[in-house]
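Chains as they are written, first to last, in full-length UniProt numbering: chain A, 1 to 307; chain B, 1 to 423; chain C, 1 to 251.
Hints should not be assumed to be uniformly reliable.
Subject to a maximum C-alpha distance of 30 Å in a straight line, what follows is the list of computed DSSO-like cross-link-like pairs (lysine-lysine) [claimed, not checked]:
1) 301/A to 196/C
2) 196/C to 169/C
3) 294/A to 72/C
Keep in mind the hints are simulated off the structure, nothing from the lab.
Because the structure is a prediction, the values reported are computed rather than measured.
Here is how the chains run, residue by residue.
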Amino acid sequence: MQDLLYFSQQLINGLTIGSAYALIAIGYTMVYGIIGMINFAHGEIYMIGAYTALIAITGLTALGLAWLPLILIVALVCAMIVSSSMGWAVERVAYRPVRGRHRLIPLISAIGMSIFLQNYVHLAQGSRNVGFPALIEGGFNFSADGAFQMSLSYIQITIFITTLICMIALSLFISRSRTGRACRAVSQDLGMASLLGIDTNRIISATFVIGAALAAVAGLLLGMYYGSVDPLFGFIAGLKAFTAAVLGGIGSIPGAMLGGLILGVSESLTSGYLSGEYKDVVSFGLLILILLFKPTGLLGKPEVEKI
Amino acid sequence: MAANNLRHALFCAIVTLIISFPILGLNLEAKGINITLTGAKTSTYVAIVLAAVVVFVFQIFRDSFMGVLGKLPNLNPLAGREPMEQSKRVKLESWILTGIVIFALFWPFLVSRGSVDLATLVLIYIMLALGLNVVVGLAGLLDLGYVAFYAVGAYTFALLSQYTGISFWMALPIGALLAGLTGMILGFPVLRLRGDYLAIVTLGFGEIIRILLNNWTTLTGGPNGIGGIPDPTLFGMEFGRRVKEEGNTSFHETFGIAYASEHKIIFLYLIALVLAVITALIIRRFMRMPVGRAWEALREDEIAARSLGLSRTAVKLSAFTIGAFFAGFAGTVFASKQGFISPESFVFLESAIILAIVVLGGMGSQLGVILAAIAVTILPELAREFSEYRMLIFGAAMVLMMVWRPQGLLPMRRIHIKLNRQE
Amino acid sequence: MLEVQKLSMRFGGLLAVDQVSLDVQEREIVSIIGPNGAGKTTVFNCMSGFYKPTGGKILFEGREVQGKPDYKISRMGMVRTFQHVRLFTQMTVVENLLVAQHRHLNTNMISGLLGTPNYRQREQKALDRAAYWLERVGLLELANRDAGNLAYGQQRRLEIARCMVTEPKLLMLDEPAAGLNPAETKELNQLIISLKEDYNVSVVLIEHDMSLVMDISDRINVINQGKPLASGTPEEIRRNDDVIKAYLGEA
Numbered sequence: 001m002q003d004l005l006y007f008s009q010q011l012i013n014g015l016t017i018g019s020a021y022a023l024i025a026i027g028y029t030m031v032y033g034i035i036g037m038i039n040f041a042h043g044e045i046y047m048i049g050a051y052t053a054l055i056a057i058t059g060l061t062a063l064g065l066a067w068l069p070l071i072l073i074v075a076l077v078c079a080m081i082v083s084s085s086m087g088w089a090v091e092r093v094a095y096r097p098v099r100g101r102h103r104l105i106p107l108i109s110a111i112g113m114s115i116f117l118q119n120y121v122h123l124a125q126g127s128r129n130v131g132f133p134a135l136i137e138g139g140f141n142f143s144a145d146g147a148f149q150m151s152l153s154y155i156q157i158t159i160f161i162t163t164l165i166c167m168i169a170l171s172l173f174i175s176r177s178r179t180g181r182a183c184r185a186v187s188q189d190l191g192m193a194s195l196l197g198i199d200t201n202r203i204i205s206a207t208f209v210i211g212a213a214l215a216a217v218a219g220l221l222l223g224m225y226y227g228s229v230d231p232l233f234g235f236i237a238g239l240k241a242f243t244a245a246v247l248g249g250i251g252s253i254p255g256a257m258l259g260g261l262i263l264g265v266s267e268s269l270t271s272g273y274l275s276g277e278y279k280d281v282v283s284f285g286l287l288i289l290i291l292l293f294k295p296t297g298l299l300g301k302p303e304v305e306k307i
Numbered sequence: 001m002a003a004n005n006l007r008h009a010l011f012c013a014i015v016t017l018i019i020s021f022p023i024l025g026l027n028l029e030a031k032g033i034n035i036t037l038t039g040a041k042t043s044t045y046v047a048i049v050l051a052a053v054v055v056f057v058f059q060i061f062r063d064s065f066m067g068v069l070g071k072l073p074n075l076n077p078l079a080g081r082e083p084m085e086q087s088k089r090v091k092l093e094s095w096i097l098t099g100i101v102i103f104a105l106f107w108p109f110l111v112s113r114g115s116v117d118l119a120t121l122v123l124i125y126i127m128l129a130l131g132l133n134v135v136v137g138l139a140g141l142l143d144l145g146y147v148a149f150y151a152v153g154a155y156t157f158a159l160l161s162q163y164t165g166i167s168f169w170m171a172l173p174i175g176a177l178l179a180g181l182t183g184m185i186l187g188f189p190v191l192r193l194r195g196d197y198l199a200i201v202t203l204g205f206g207e208i209i210r211i212l213l214n215n216w217t218t219l220t221g222g223p224n225g226i227g228g229i230p231d232p233t234l235f236g237m238e239f240g241r242r243v244k245e246e247g248n249t250s251f252h253e254t255f256g257i258a259y260a261s262e263h264k265i266i267f268l269y270l271i272a273l274v275l276a277v278i279t280a281l282i283i284r285r286f287m288r289m290p291v292g293r294a295w296e297a298l299r300e301d302e303i304a305a306r307s308l309g310l311s312r313t314a315v316k317l318s319a320f321t322i323g324a325f326f327a328g329f330a331g332t333v334f335a336s337k338q339g340f341i342s343p344e345s346f347v348f349l350e351s352a353i354i355l356a357i358v359v360l361g362g363m364g365s366q367l368g369v370i371l372a373a374i375a376v377t378i379l380p381e382l383a384r385e386f387s388e389y390r391m392l393i394f395g396a397a398m399v400l401m402m403v404w405r406p407q408g409l410l411p412m413r414r415i416h417i418k419l420n421r422q423e
Numbered sequence: 001m002l003e004v005q006k007l008s009m010r011f012g013g014l015l016a017v018d019q020v021s022l023d024v025q026e027r028e029i030v031s032i033i034g035p036n037g038a039g040k041t042t043v044f045n046c047m048s049g050f051y052k053p054t055g056g057k058i059l060f061e062g063r064e065v066q067g068k069p070d071y072k073i074s075r076m077g078m079v080r081t082f083q084h085v086r087l088f089t090q091m092t093v094v095e096n097l098l099v100a101q102h103r104h105l106n107t108n109m110i111s112g113l114l115g116t117p118n119y120r121q122r123e124q125k126a127l128d129r130a131a132y133w134l135e136r137v138g139l140l141e142l143a144n145r146d147a148g149n150l151a152y153g154q155q156r157r158l159e160i161a162r163c164m165v166t167e168p169k170l171l172m173l174d175e176p177a178a179g180l181n182p183a184e185t186k187e188l189n190q191l192i193i194s195l196k197e198d199y200n201v202s203v204v205l206i207e208h209d210m211s212l213v214m215d216i217s218d219r220i221n222v223i224n225q226g227k228p229l230a231s232g233t234p235e236e237i238r239r240n241d242d243v244i245k246a247y248l249g250e251a
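Looking at chain A on its own, in the form it has when it is part of the complex:
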C-alpha cells in the first residue's frame, strides 16, 4: 500500500509536468509540421511568458487587487499577448527571410534567436531566479497509515484542467475554423495551398502565434508549480518539450500530448526511484533512442525520401 501510494505520487507529479510539456510541445510540433524547422527559440518564448505572467501578478498585487481568479486571468492574458507577439516577431525577423534555404540555415538562425532572447531577458531582469508566489495552495492528501502521504495539490489539478481545456480548444480550432483548416492544408502541401489562394505567410504566422500562446499558458502554470523563474528557465524545458514532440511523432498534435505525458512520467519515476540528478539524462537518452529507432515517433507518419 505504501509503495502504491509512493508510485501514484510519482505518477501524479509526472502527469502534471508532462501535460505542461505537452503544451509547449504543441508549438514545436505545429511549426515543424508546417515549415519543417525546429523552432529552437520556442523555449525562450515560454520563459518570456512565465516572466510576463510574474510581472503582471506582481503589478496587480501591488495595485491592490486581491481576487485570485481575476489576477490569474489577467496574468494569463498578458503572458499570452506578449509571448504571441514575440512568437510573431521572431518568425518575421529570423525565420521568414531564411525560409526555403539549406536546412541548417534556419536552424542556426533559430539558435541565434534563442541565445538572443535568453540574454535579452537576462540583461533586463537579471540573471538570478525570481520567486514566483504560490497563488494556489493546498490540496487533497491521502495516506494509508500515516507514514507516507500522497498529495494531489490544487495547482496540479489546475494544470491538468487548463491543459485539457487548451487541448480541446486547439483541436476544435484546427478541425472547425477556417484558419485551422488552412493550417492543415498548408502542412499537407505548402506550395499547393498557396496555389489554391491560401495566404501561407499568414498561416505560418498564425502557427507561431498559437504555439507561443500555449507556451505562455505553460509558462504561467509551471512558474507557479516550480515557484521560481530565471532566464535559463526555458532552455531545458524547451528541450524536454521538443523531446516530447519527437516522442509522440513530430507534426502530430495528439502525439505531442502523448509524448509529453510519457516523458513527464518517465522523468518523475526516475527522480522518485533513482535520483533527481539523472532525470535529464533519462529524457535526453529517451530522445536519442527514439530518434535512432523510430524517428517518426509514436503517432507520426513515415516520411518517404524523395528524389
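Fit chains B and C to the known structure of chain A by using the hints.
Below, chains B and C without anything else, positioned relative to chain A:
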C-alpha cells in the same frame, strides 16, 4: 495599398512595444521574500518608444527604402574589381598567414602577462573552431554538443594526471585520441539521422556528458572539479619556482636566468600556437584530399554522393571523428592552461560560442574562422562594458548572418586545379 | 548483364510498380517509357538502391542486388543520373568529377597527409581522367567554375561526365533530355550512342522525348500505371495498339 501599409506599420510598432515594454520596462526585484516591481530608467522608456517609432517608420517606407538601398552605389571599392588571379591569391594568403604566425611568435615577449594568457585562450578557441569547422562547415553536420569532446580531452588529462601522474606531452595524444574515439562511438549510430535531428541529438549528448561530470562525484569531483593539473614541461624542464617531479630540472636554473612566472605563461602560449598551426595545416591538407572533397559532396547533395559510391556513414564518421579529435587536443591544452577544470567550462553556451565563431567567419573558410575566433574572444575583453552584452550580440549576429550573409564574413574560396588536356 | 524480374514497389496502399521486368545486354541501349507517374523513376530508384523493392529480383552480372545499399550498387558499376540534375553546386566542375572517383583514389588519410607517391600518382590519374571527360563533353574551359553556375545544358552534360569517370558498366539516365533545346538534344543523342559504341557501356534510359528514344534505343519497355504494358524494338513499339491507346488516353 497605402492604408494597408499604414495598418501593417502600426501593427509592427505595437508589437514592438508589447515585446519590449514589460520585459525591459518593468523590473522584478526581490526584496527579502517579496518581489516588487520597479520601473526602469527613463532612458529605457525613451529607447522603447524610439524603437517602436523606428519600426513604424521603417515599415511605412519599407518599399521605397529597399528601393533606395538597392540603387545606392556599392560602398565597397573592391566589389567591382575583377577577382584576383588564383595563383596570386594563394600566394598572398600564405604570405598573410606566415606573417601572422611570425608576428605571433615574437609578440608575447613584448606585451603583458594578461595579454599572453588571453592569447592562449584565443588559440584554444581557434583549435576548437577549426575542428568544428570540419564538422559543420565542410561536412554540413550541425553538432551542438561539440563541447563534450573538448571536455573528454580536458578530463582525460586531469584524471590521468591525478591517478597516474601522466605528463602533458603524453596526455596530449591520449586526450585527442580518446575524444576522437568518443566521437566515433557516438557518431556511428547517430550520423544517419537527418540534419536537424542530428543537431538535437548531439545537444542532448553534450548535456548528458556534462550531467555525468557533475554527478559522478567519486571520479570527477562533481561541481568541485579537478585541480592540480600539471604544467607542460620542456624536455624535462619545469617552469615552476621549484621542481615538483623527481628527475626534472627547472627551466630558470638550467639557463641560469632569474625565475619569472611569465616564462610558464609564454611557454604555454607557444605550445598552443604550435598546436593551432599544426591543426590548421592538417585540416587544410584534409580539405584538398579525397576525404575533404567527400565531406563537401555529402554536404552539398547526399543522394548524389551516395549514388556515386560514397558511403554516407564512413564519410560523416570521418568528419565527426576528426572534429572530435581536435576538440580533445584543445581540451588538453585548456586543462593544462587552467590547472583546474570543472563541468562549468563545458556548458552548451560554450558549444554555441564555437558555433558562432564558425558561422561568423564563414563556414568552411579557415582564415575566416581564425579571424572570427580572435574577434569573438578579444572584443569582449577590450571593451569591458561590452562584455555583458556579448552573448546578446552573438545571438543577434548569428541571426543577421543567416539572413544576410549565410556564407560568413570571409566565405570559403574554392581552390583552382590545373588540368592537362588529354588526347 | 542486368535482369529485373517481376519488380514491385509498394508505398503504403499505393502499388507504384507492379511486376515490372526488363533486361539489358552488354552494349545495349534500353529505354523505359510511359506516361507521367507510370513509375519509371521508382523503377530506377529500386535499381540504384535508393528504395528497397517490396517484391521481385534485380540481378546485375548474375548477382542479386535488390535491397543493397545504393553506394555498394554504384561501386559495382551501376551508376545513375537524376531527373532534376543533382550536382555538388558549390564545388567546382573538376571537384565534382574528383568526388565521383573517390573509390579509385588513395583514401588512406595518412598517405594523403604525407603525400606518398602512390597517393599523388592516383590523384594525378584522377585529374587526367577528369580532364579527358571534360574535354569529351566540352566543359574543359569551365573546369574551375562552380558547378552551380553552369548553364542547364552544361549541368546535364557534367552529370553524365561525372557518372562516366566512375567507369561504369551500366549507366542509368533519368530524362537526360529534359529542358534541353533541339540542338543540345542532338548532341546528347550522339553522346549516348558514343558511350555505347566507344566505351562499351550499356544504357538504361528514361525519356519523354520520343524522337530521341526511337532514334537510339535498341529495345523499349513501356510501363503504364506501374504495370508493364509492352516491350520490343522501337519499330514494334511504334505499332503496338496498347501503347498508342495509353498515350492517346493520357493526352
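Results of checking the hints against the structure:
1. 301/A to 196/C: Answer violated: residue 301/A to residue 196/C is near 44 Å, above 30 Å.
2. 196/C to 169/C: Holds. Residue 196/C to residue 169/C sits at ~10 Å (cutoff 30 Å).
3. 294/A to 72/C: holds (25 Å)
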